[in-house]
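Here is what each chain is made of, one letter per residue.
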Amino acid sequence: MEDLIIIGGGPAGLTAGLYAARSRLKTLLLEKLSPGGQVLLTDSVENYPGFPEGISGFELMDRMRRQAENFGLDIQSREVIQLHLTPDKKEVVTANGLLESRSLILTMGATPRKLGIDGEDRLTGKGVSYCATCDGPFYRDREVAVIGGGDTAVEEALYLTRFATRVLIVHRRNELRATKLLQERAFAQERIAFVWDTVPTRIVGETGVATIELKHVKTGHLSQLRVDGVFVFVGYDPNNELVKSLLELDSYGFVLTNNDLETSVPGVFAAGDIRSKLLRQISTAVGEGATAAFAAERYLENRT
Amino acid sequence: MADLLHVSDANFEKEIVQADIPAMVDFWAEWCGPCKMVGPTVEALAKEYAGKIKIAKMDVDTNRETPAKFGIRSIPTLILFKDGKVAQTIVGALPKGDIEEALKKLL
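Chains as they are written, first to last, in my numbering: chain E, 735 to 1038; chain G, 66 to 172.
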């Protein structure tokens, strides 16, 4: 039986693992892919303190992984299929066998939200994308639309101007929600144009994206926009499939915790993007990872 | 590593399309983070399926022709081939179990 199993290998999970390994808890971190999480979607991270020149998402996560492993954290590439939670024992069913632990930290993160409109699924990978760093280079000298108005949308639109000749930011409001600094950069970038008060209603194309149908939210007026690609950044959905019926969640499906990051089940903690909270950043995830590991350690001490 | 093949525009036809066993190609690039999440899985599968399924990687940065031919505009993309024809296309990083399920259908 493990002392602690951490599910998810993003910044929150790796930090929890680092702290748990240093506390000499018998710890296992399970990640269904390779560690890194959503940070790997980012070209350059410039708001994580300690890196004044910025750092690539991959480099940062590779460092976090190595740092945790240096202290003996055991990271295994396994997908968790089901959880059984009791006060004494947490059972973790994986694709290759059953694991048992005395405590759990959930750091499964979140996934970019889909628009949920016609054509989106069919054309994913054929012009519809959720990752500008992955797919931007396919749009050299082409025109793309970016859907959304938050930090990610504006940051990725700026990134796409390296390749695309024109980047249209389509946003449902008449002002951006992104950080002011990012707004200033976007307004100053001549390859970026804005389509305000507008939502996409359909993505059209046979072998690839040809046009996107847009609706003005105030007038209801429909229009067609010719683009080669559509990049979607309209928020995140929690990766809560494993715990949906086991834990208390907020109305968006994010996991509710108390101040010590314990969920509605004793001995089960949550940290990072999966948690119900105000701000989802690498800097908030690592702090929560540390807190959750400390809280788990204290929980284990009190039970022995 | 010897089990994992690196193919290019020049030898794609010979190595993959004309292969005498089924094949899977991982289209990737250095700039792509999620490609690195699925990379180790592809390497492991190449070992496990050696001799049964030919597993290869293609760098889309240095090879433009083949990805364009298959309409690839998103990476990672895995394309599975049987008898030289596309049997399945997987877009995005998926866990090992899901990729294996697709591979088993080729056998």
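Everything labelled a hint here was simulated from the structure, so no lab data went into it. Keep in mind that this is a model prediction, so the values were computed, not measured. Worth double-checking, as some hints may not be accurate.
Unchecked claim - Far from chain E, by Cβ distances over 10 Å, these chain G residues were calculated: (1) Pro105; (2) Glu113; (3) Val151.
Unchecked claim - Computed footprint of chain G on chain E, listed as stretches where at least three residues anywhere in the stretch have a Cβ under 8 Å from a Cβ of chain G: (4) 768-777; (5) 1000-1014.
No residue lacks a Cβ here, since even glycine has one placed at the ideal position from N, Cα and C.
Results for each hint:
1. Pro105: The claim is violated: proline 105 of chain G sits with its nearest Cβ about 5 Å from chain E, within 10 Å.
2. Glu113: 13 Å, holds
3. Val151: 13 Å, holds
4. 768-777: holds (count 7)
5. 1000-1014: violated (count 0)
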